[in-house]
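With the hints as your guide, set chain B onto chain A.
As given, the protein sequences belong to chains A and B, one line each in that order.
Sequence positions in the first sequence follow our numbering and run 63 to 301.
Sequence positions in the second sequence follow our numbering and run 252 to 518.
None of these hints come from the bench; they were simulated from the model.
Check before you lean on any hint, since a few could be wrong.
Computed list of lysine to any residue pairs in SDA-like fashion (alpha-carbon distance at most 20 Å, straight line) [claimed, not checked]: (1) 334/B with 202/A; (2) 375/B with 209/A; (3) 295/A with 416/B; (4) 408/B with 298/A; (5) 295/A with 414/B; (6) 199/A with 414/B; (7) 334/B with 213/A; (8) 369/B with 209/A; (9) 199/A with 354/B; (10) 372/B with 214/A; (11) 294/A with 372/B; (12) 199/A with 408/B; (13) 369/B with 201/A; (14) 294/A with 274/B; (15) 408/B with 300/A.
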Amino acid sequence: MYDISNWWNSYINEDFIRVTVQLWKGFGVTLSLFFLTLILAIPLGLVLAFCTRSSFPLLKLPFRAFVYVIRGTPLLLQLMIVIYIPGIAFHAPITKWGMFGGNVARAYFFGALFAFVINYACYFSEIFRGGIENIPKGQYEACDVLGMTRSEAFFRVILLQVIRNILAPMSNEIITLVKDTALARTVAVTEILFCAYEFLKIDAIIWPLFYTGLFYLVFNAVLTWLFGIAEKKLSRYYK
Amino acid sequence: MALLEVTNLKKSFQDTDVLKGISFSLERGEVLAIIGSSGSGKTTLLRCLNFLETADSGSIQVDHHTIFGGDDAEAASVLASPKQIRKNRLYFGLVFQSFHLFPQYTVLQNLTLSAQLKALKENKALPRQERRQKAEIFRTLDQQAMELLKRVGLSEKISSYPCELSGGQQQRVAIARALMLTPDILCFDEPTSALDPELTKEVMGVIRSLKSSDTTMIVVTHEMDFARNVADKVIFMANGIIEEKGTPEEVFDHPKSPILQSFISNT
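Pulled out of the complex, with its shape left as it was, chain A reads as follows (with noise of 0.2 Å):
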């Protein structure tokens, strides 16, 4: 008969705490860019959103133009690009950057921001884009009739109807994100992947490549717990 608690004490003896450890701190890595890329990616995508909007051609088609080149190409190729082109290119390699002092990890982690915020402040910048451009054009017209300025109108009346309207398209950018940080692996980033990856090579264990999608699974039910209760707020205005 097959003895369960055989199989449990193997695992949790051996390698399952050891694993577990390594994968939270690689965890760390990927919540960190996650949460960095979100924090930049948002307000640099807004200042896109208003220069792709310009109604000053030599602001808005050079914006139009990068929007379309970053969304037109992969993360993984952009991602390849700023970790290596600047040492192939210009013998400058990022990890000789006076910046980074010498961390060859840290440069590659600033390195896998950089290409994740200006990605991601595209894709954000066509969705804040779509946001302000549905808001009917009677709203402003209102707040013009009732003697606001443009950022008073902006600020106290129009961005809350802005987000009520980027909701559901950013909850699923920002749910691909989570997911797309695993990319980061492919530059050095010893995010969780990259971790449970040397658990193949090294200790031919495979089981903690699957065990890192209990991280993003439960990750993910908790960003969509959060936007579930932003929409219900947000709904209460709207039939």
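Quick look at chain B alone, frame taken from chain A:
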């Protein structure tokens, strides 16, 4: 001199001349109804008065102040600055066809928002010792708003959100919101076109009840009964000009222009 003096106002979009020289005047306390078929320029005229469109030429004077255009080009360009426009448009209030209430604010907040922003700015400009507490300002504004809501019959709805109200109630809130900034002239842009006949009656009743010696109103409307019974003056517009103007009796009972005659017989 009249409260409102509009002189030779012109406006064109691309190649279309929408207003081809509009002149009229309005005394304090008068109600002016502007009628005419769609595309005759009624709404554009109202939007020019409220600076939602900028007229190409002509002038607008309210209470002896020139607020748009005029003979002096230099003064006119000063008037065109965003800050001046923000100040001058407050001579007018505007009630829109489709209400445009702010969905995320309660009825009371819809009324007080712009008044609060305005009061805070004015308060800041005062010398330090004369400044009032923010809470005190807000309390006064809340009271004013409550009084206005009572006037339009919505006292019990102060903490409802716009989506919870009927179209007629929303429009009454919009009217109270426009009154909150105490405009000299209250404009209505087809205020009942988005409402069914019953709600139209309700809103028109409120507008009629506002009529008093110091409330001046301009109502663009398709409600001929309202124009005939409530207005002091009627302007009939066609193709960007004032085709005919006068008292309701003159316009409705003795129309001179053939366009007006056919317009009246069709409605």
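Here is how each hint holds up against the structure:
{"no.": "1", "hint": "334/B with 202/A", "in the structure": "holds (16 Å)"}
{"no.": "2", "hint": "375/B with 209/A", "in the structure": "holds (17 Å)"}
{"no.": "3", "hint": "295/A with 416/B", "in the structure": "holds (19 Å)"}
{"no.": "4", "hint": "408/B with 298/A", "in the structure": "holds (16 Å)"}
{"no.": "5", "hint": "295/A with 414/B", "in the structure": "holds (14 Å)"}
{"no.": "6", "hint": "199/A with 414/B", "in the structure": "holds (18 Å)"}
{"no.": "7", "hint": "334/B with 213/A", "in the structure": "holds (13 Å)"}
{"no.": "8", "hint": "369/B with 209/A", "in the structure": "holds (8 Å)"}
{"no.": "9", "hint": "199/A with 354/B", "in the structure": "holds (14 Å)"}
{"no.": "10", "hint": "372/B with 214/A", "in the structure": "holds (12 Å)"}
{"no.": "11", "hint": "294/A with 372/B", "in the structure": "violated (34 Å)"}
{"no.": "12", "hint": "199/A with 408/B", "in the structure": "violated (26 Å)"}
{"no.": "13", "hint": "369/B with 201/A", "in the structure": "holds (18 Å)"}
{"no.": "14", "hint": "294/A with 274/B", "in the structure": "violated (52 Å)"}
{"no.": "15", "hint": "408/B with 300/A", "in the structure": "holds (17 Å)"}
Of the hints listed earlier, those the structure fails to meet are numbers 11, 12, 14, in rising order.
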